[in-house]
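Q: Sequences and hints are given; from them, build the entire structure.
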Amino acid sequence: VTTTYKETRTDAENKETSELALRGLQLLSEWTSVVTELYSWKLLHPTDHHQNKECPQEAEEYERATRYNYTDEEKFALIEVIAMIKGLQVLMARMETVFADAIRRNIYAELQDFVQLVLREPLRKAIKNKKDLIRSIIVSVRETCADWQRGVEPQADPALKGKKDPDNGFGIKVPRRNVGPSSTQLYMVRTMLESLIADKSGGKRTLRKDIDGQYLVQIDQFHKTSFYWNYLLGFSASLQDCCDLSQLWYREFYLEMTMGRRIQVFVCNCLTVETKEELCQVYKVFVCNCLTAETKEELCQVCNCLTAETKEELCQVCNCLTAETKEELCQVYKVFVCNCLTAETKEELCLVCKVFVCNFLTAETKEVLCHVCKVFVCNCLTAETKGELCHVCNCLTAENKGELCHVCNCLTAETKGELCHVCNCLTAETKGELCHVCNCLTAETKGELCHKCTVRHEHNEECSDLITMEKRIQFPIEMSMPWILTDHILRTKEPSMMEYVLYPLDLYNDSAVYALTVFRKQFLYDEVEAEVNLCFDQFVYKLSEQIFAHYKQLASSILLDKRFRVECVAMGTYLLPYPRANRYETLLKQRHVQLLGRSIDLNKLITQRINADMQKSLDLAISKFEAGDITGIVELDGLLQVNRLCHKLLSEFLALDEYDAMFREANHNVLAPYGRITLHVFWELNYDFLPNYCYNAATNRLV
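Numbering (my numbering), first residue to last: 1 to 703.
Errors might be hidden in some of the hints.
[To be verified] Computed list of lysine-lysine pairs in DSBU-like fashion (alpha-carbon distance at most 35 angstroms, straight line):
| id | residue 1 | residue 2 |
| --- | --- | --- |
| 1 | Lys542 | Lys521 |
| 2 | Lys173 | Lys131 |
| 3 | Lys75 | Lys42 |
| 4 | Lys648 | Lys616 |
| 5 | Lys542 | Lys562 |
| 6 | Lys521 | Lys42 |
| 7 | Lys493 | Lys53 |
| 8 | Lys542 | Lys493 |
| 9 | Lys173 | Lys224 |
| 10 | Lys161 | Lys131 |
| 11 | Lys224 | Lys209 |
| 12 | Lys128 | Lys164 |
| 13 | Lys624 | Lys562 |
| 14 | Lys624 | Lys648 |
| 15 | Lys209 | Lys173 |
| 16 | Lys131 | Lys163 |
Note that these hints are calculated values from the structure, not bench results.
A: What follows is the structure, given as structure tokens:
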């Protein structure tokens, strides 16, 4: 028994137990720090669709930092560390009574031994050498926390007069009590001792030079050891703090900072998926990395107006990119230049974006990159390519195409600069200027050409860069770290990790405690509770389905003829293998899962769902027999045997309904004299078998 004891422990046992508690807290805090640092690093370095192929281009910022930012190995490692933290926390909390008693006794003994015994010699020397400052500090320490056996300091102590002890010694008996010092006493003692051993002080001379080396070492060691006493005396709170992983759930600050930003795709911000395809062939090349023969010829014509100097400047673009800039440019431009074109076309095509040279590697690199298409319109169109480029947007009518070509011809230098900002979110002034330029466009075309933020919120300068999160009833659990880790175990069905599936759910307990005790906000707790209700329902549903499928497959494998399996393997025929041994038994025995202060009977919840699944399985087996002829009776018998064995295996851990009662209910034979199987057999015999078959006595067959 770990939580009870019969005899008072010795000082050595109390010290050993106290050190064990301290090592446990240090280990827990170290593990928690590792998890928190990993999570923080992942938030700071979100992934994208280039690094992780499973990450969609339209993923939100927080989704890229959590859902798609961890590999399977990292998730398993994170789950194991969380399981170790929570497992050790449970063990130490169970022994809290033992630890607390040993900690108080050990701290009391060490403090009183130090104050009453160790400080006698420094006090004697300070009095003898008339070091009044040191004497006053040591006396203050003793008066602050000394617990003398008779209630008062022995006045006959020779050390108080600076004299030596008699030959037979001066005995001081230090009592032993189950009480620790108060936080004020501990603070005062440590502060005064620190003034004795400090290397630097306000004066030119430090006090430590007037103390012997051996006593200085003892005082310094006591000062270091007593640092942990506050945490040990508040063992329960320290244990909770060391295991607090609530920050893995809280995301409000991150969402506020990112404002639901999504990956900025290598197109203008105003374009949808459909509009990308409608955009000009030149810009589509940069998006899709694909050129046809016709597009190459057309694009080469566009680049004829560039000078030799511009070619040399722009060819250097791909060589001077930094790692960050490559990510910003999405590497599309570089891949296209290096892989898609011939040697001649590469030189010309690299020069398309003249604006890169002037504005390269600025903070607005993404905006500059989005202007690729508009550079063609404003700077480098010939008479022939104008006609081709007018066919870019299929949404324009024939009249509007002509009008748009007219716009490109009559623009001044200033207006060209304004028109280059078409695809960005415009300010009020720019919108007015641009609308003045495009007077020849229809209202519909203006709406398509001038990007207008359609999100229903207060418009600001960030509308062009941010796509605010859609209005959702609840935050998607697919982005929540506790559910990501829980679902990963259920999805991979890793046997060695199945016992850890409940540990990630304990993160919700940490978040709820933090919401109520630190933030003291009811709405945060309500949000945690709402997510827990949704996640736990999903967890029970998925776990029940997995358990039923596992035992159903196990029962089928047991009943399958062994020789038939061997022959099938020898012939190379595929057979469903024996299911891997999984540790569902541990989960099936859980009757007191603690979640947000509630004690949940997981066994009962799984029993209810598997009862329903078993009933449905029997009903489907009989329905399949009813849909066929009488020859299906053999298959029905096999299915019923599998369900019976599956029921028997599950009944070892779950209080399922009796199999016969479930079978009668599925067969509609609870009260009726004849069930579904009997009626179907009777029907098949009378209307199919007897009218169409006869018995051949010679061959003993029905033909």
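Q: With reference to the structure, classify each hint as holding or not holding.
A: Verification of the supplied hints:
Among the hinted pairs, Lys542 with Lys521 is consistent with the structure: their alpha-carbon atoms are about 32 angstroms apart, no more than 35 angstroms. Between the alpha carbons of Lys173 and Lys131 the distance comes to roughly 27 angstroms, so the proposed pair stays at or under 35 angstroms and holds. Taken as a hint, the Lys75 and Lys42 pair is honoured in the structure, with Cα atoms around 12 angstroms apart against an allowance of 35 angstroms. Between the alpha carbons of Lys648 and Lys616 the distance comes to roughly 17 angstroms, so the proposed pair stays at or under 35 angstroms and holds.
For the hint pairing Lys542 with Lys562, the CA-to-CA distance comes to about 31 angstroms; that is within 35 angstroms, so the pair holds. For the hint linking Lys521 to Lys42, the alpha-carbon distance of about 27 angstroms falls within 35 angstroms, and the restraint holds. For the hint pairing Lys493 with Lys53, the CA-to-CA distance comes to about 23 angstroms; that is within 35 angstroms, so the pair holds. Straight-line distance between C-alpha atoms of Lys542 and Lys493 comes to about 11 angstroms, which keeps the hinted pair within the 35 angstroms bound.
Distance check on the hinted pair: Lys173 and Lys224 sit about 25 angstroms apart at the alpha-carbon level, within 35 angstroms; holds. Note on Lys161 and Lys131: the hinted pairing holds, with a Cα-Cα distance of about 13 angstroms set against a maximum of 35 angstroms. Of the pairs offered as hints, the one joining Lys224 and Lys209 holds, with about 19 angstroms between alpha carbons and a cut-off of 35 angstroms not exceeded. At most 35 angstroms may separate the alpha-carbon atoms for a hinted pair to count; Lys128 and Lys164 meet this at roughly 10 angstroms.
For a cut-off of 35 angstroms, the pair hint linking Lys624 to Lys562 stands: about 26 angstroms separates their Cα positions. Our distance criterion of 35 angstroms between C-alpha atoms is met by Lys624 and Lys648, whose separation comes to about 23 angstroms. With a CA separation close to 31 angstroms, the supplied pair Lys209 and Lys173 stays within the 35 angstroms bound. At most 35 angstroms may separate the alpha-carbon atoms for a hinted pair to count; Lys131 and Lys163 meet this at roughly 15 angstroms.
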